[in-house]
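A.B. asks: Based on the sequences and whatever the hints tell you, model everything.
Top line first, the protein sequences correspond to chains A and B.
FYI, the working numbering numbers position 7 of the first sequence as 11, with every residue one higher than the one before it.
FYI, the working numbering numbers position 27 of the second sequence as 31, with every residue one higher than the one before it.
Think of the hints as simulated: they come from the structure by calculation, not from any bench.
Quick reminder that beta carbons are idealized off the backbone N, C-alpha and C, glycines included.
Don't take every hint at face value.
[To be verified] Estimated spans, in silico, between C-beta atoms of each pair:
1) Gly45(A) with Gln195(B): 52 to 58 Å
2) Glu161(B) with His174(A): 45 to 51 Å
3) His174(A) with Gln173(B): 52 to 58 Å
4) Ala49(B) with Gln255(A): 39 to 45 Å
5) Gly45(A) with Gly196(B): 49 to 55 Å
6) Thr32(B) with Glu260(A): 16 to 22 Å
7) Pro206(A) with His177(B): 55 to 61 Å
8) Gln247(B) with Gly117(A): 41 to 47 Å
9) Gly68(A) with Ile14(B): 18 to 24 Å
10) Gln255(B) with Asp201(A): 34 to 40 Å
11) Glu31(B) with Arg12(A): 30 to 36 Å
12) Asp201(A) with Glu240(B): 50 to 56 Å
13) Gln67(B) with Glu31(A): 29 to 35 Å
14) Ala49(A) with Gln173(B): 46 to 52 Å
[Said to hold, decoys possible] Only part of the chain A face toward chain B is listed, based on derived beta-carbon distances under 10 Å:
15) Gln60
16) Ala61
17) Arg118
There are 2 protein chains.
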Amino acid sequence: MTKTEQDRNISSSFAKGLSVLAVFDAETPSMTLAEIARRTGQDRATARRGALTLVQAGYLRQQGRMLSLTPRVLALAGGFLQANQFGRRVQPVLNHHARKLETEVTLAILDQGRVLLLAQSTTEHGPVTYGFTAGAHIPLVHTSLGRMLMACLPAEEAADLINAAEIPQHTEHSLTRPDAILEQIEQARTQGYSVTDSEFEPGIIGYAVPLSRPGQTPVVVGSSAPRGHAAGGQSERLLQGLQICAAELRQTGVVEGL
Amino acid sequence: MTKTEQDRNISSSFAKGLSVLAVFDAETPSMTLAEIARRTGQDRATARRGALTLVQAGYLRQQGRMLSLTPRVLALAGGFLQANQFGRRVQPVLNHHARKLETEVTLAILDQGRVLLLAQSTTEHGPVTYGFTAGAHIPLVHTSLGRMLMACLPAEEAADLINAAEIPQHTEHSLTRPDAILEQIEQARTQGYSVTDSEFEPGIIGYAVPLSRPGQTPVVVGSSAPRGHAAGGQSERLLQGLQICAAELRQTGVVEGL
DNA sequence: AATTCTTAGTACGCAAAGCGAACATCGTCA
DNA sequence: TGACGATGTTCGCTTTGCGTACTAAGAATT
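C.D. replies: Right, here's the structure in full:
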């Protein structure tokens with residue numbers, strides 16, 4: 005009976021259904037039933053029940069044989085955003101510093117071995133609007149945000165994350181050797197900021213500084229800029245700006261709620 | 005057989021669990037188990053299983069006896085936002101017009117008898133930053149966005165929504181008689197825009213124009229401004245600006261994806 | 001401090017929910 | 001055309017998870 009020692013307090017059907025909903029991401033905004041089944045590792049029939057339930061609940065829509073998310077999923081996130089006053093307290097701060105520094109500023113945390121973007125400044129005259137928005141996942145190992153997040157963790161946990169993560173070679177500059185990455189993380193920890201150059205997107209330099217206090221769940225702010233943009237002492241100015249931004253956000257107390 | 009004619013393709017446990025997740029909104033960001041059970045109308049044991057499953061999946065966190073949403077719920081919405089290019093195509097347009105008109109501009113649709121805010125401009129020098137963000141629900145009957153959304157529907161459906169909705173008296177100006185509200189909707193439909201004055205928040209005037217083409221699922225853009233702000237011909241300027249904004253958004257084609 | 005009221009955790013029998021092999025259906029390529 | 005692969009649906013058997021009943025522990029009230 006070791007096999008079927010399921011926790012009676014957990015509903016496995018519900019958990020399976022959730023993973024159906026979670027499987028819709030940026031790369032695959034609409035999927036067929038079989039595709040969902042494959043990506044969730046569930047039986048096709050199981051995935052189907054989950055998907056149909058989501059359709060009935062209004063979170064998925066079915067056009068032909070393709071299933072895609074409906075706007076209603078936003079309502080789920082809305083509860084979190086409202087509760088933490090993101091619109092009123094976080095966004096203005098991000099925007100303010102974004103304008104001042106002439107970049108985009110992003111707030112992020114660690115989630116499932118990836119970087120989860122929580123909020124992002126939305127000013128017009130940032131250099132480029134990268135395609136990422138709140139709720140997007142970006143890789144952990146090759147971004148400044150990710151490195152800084154890992155630097156907020158005990159060294160051992162960071163190492164575990166690195167080992168668990170796959171390390172694709174996004175660009176020719178991407179570090180691939182785990183120990184090289186760990187070294188970068190160590191450096192970020194000691195110096196209190198992280199910089200990556202073209203490791204995720206070519207020609208883009210990423211900056212990040214910690215926001216959470218040590219011991220708390222890691223939260224960071226960062227920004228990216230094209231290489232040319234950051235000539236001369238610009239890097240320093242950016243990092244200082246981010247530090248100030250982090251301090252202000254810390255004062256609002258939004259970080260406490262994770 | 006009327007009672008237990010459950011659809012075999014729908015997972016009721018999953019549906020119940022989902023409604024646990026959905027019950028967390030702005031008013032009640034953290035709840036106790038008993039409270040969840042009450043608000044979902046589920047048995048306590050059922051609600052407990054749902055909540056514990058959500059905790060295990062990382063969407064809820066438990067501190068003491070309070071349960072609250074984790075940032076991970078944002079990842080669910082992230083799929084939708086990325087898929088529809090909200091960050092790249094919608095937000096810039098909203099911001100641009102918000103700055104030009106010196107207000108906030110909001111994109112919204114109909115959801116479960118309420119207005120669901122999909123996106124909102126985030127500029128600094130809007131007059132006030134109201135506490136609403138993407139993913140928030142606001143009432144249907146007493147907002148310009150809501151009225152305009154209903155005006156996009158066949159008159160009959162709008163009437164059904166009014167009848168189904170509870171009509172609280174938010175302010176002394178709130179219309180309460182259903183036929184008066186329906187008349188306003190009728191007017192919005194014919195003139196192509198909707199204006200409400202202090203019916204939801206005192207001293208605030210709301211404007212909204214349709215974005216979707218007739219027959220499609222209703223989508224609108226709107227904005228609100230304090231009464232003093234909209235002196236003279238300002239209302240007209242605002243409405244014209246919104247019309248242009250709507251036209252631009254229409255051209256991006258984001259509306260098609262609902 | 002003793003009281004009521006509310007809330008959280010546990011147990012378990014029974015009904016029904018949902019699993020997945022098997023079947024049906026649709027496309028696609030030889 | 002026929003065979004094959006991929007996808008969608010059905011249905012009997014088993015498991016899940018529902019909800020009553022009970023225990024216990026906090027809050028709130030006296």
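A.B. asks: Each of the hints needs a verdict: does it hold here or not?
C.D. replies: Comparing the hints with the structure gives:
1. Gly45(A) with Gln195(B): 52 to 58 Å: holds, 54 Å
2. Glu161(B) with His174(A): 45 to 51 Å: The hint (45 to 51 Å, Cβ to Cβ) holds, given that Glu161(B) and His174(A) are roughly 49 Å apart.
3. His174(A) with Gln173(B): 52 to 58 Å: holds, 57 Å
4. Ala49(B) with Gln255(A): 39 to 45 Å: holds, 43 Å
5. Gly45(A) with Gly196(B): 49 to 55 Å: holds, 50 Å
6. Thr32(B) with Glu260(A): 16 to 22 Å: holds, 19 Å
7. Pro206(A) with His177(B): 55 to 61 Å: holds, 56 Å
8. Gln247(B) with Gly117(A): 41 to 47 Å: holds, 46 Å
9. Gly68(A) with Ile14(B): 18 to 24 Å: The hint (18 to 24 Å, Cβ to Cβ) holds, given that Gly68(A) and Ile14(B) are roughly 20 Å apart.
10. Gln255(B) with Asp201(A): 34 to 40 Å: For Gln255(B) and Asp201(A) the Cβ distance comes to about 37 Å; the hint holds.
11. Glu31(B) with Arg12(A): 30 to 36 Å: holds, 32 Å
12. Asp201(A) with Glu240(B): 50 to 56 Å: holds, 51 Å
13. Gln67(B) with Glu31(A): 29 to 35 Å: The hinted range 29 to 35 Å holds for Gln67(B) and Glu31(A), with Cβ atoms some 34 Å apart.
14. Ala49(A) with Gln173(B): 46 to 52 Å: holds, 50 Å
15. Gln60: This interface hint holds because 6 Å falls under the 10 Å limit.
16. Ala61: Holds, about 5 Å.
17. Arg118: holds, 9 Å
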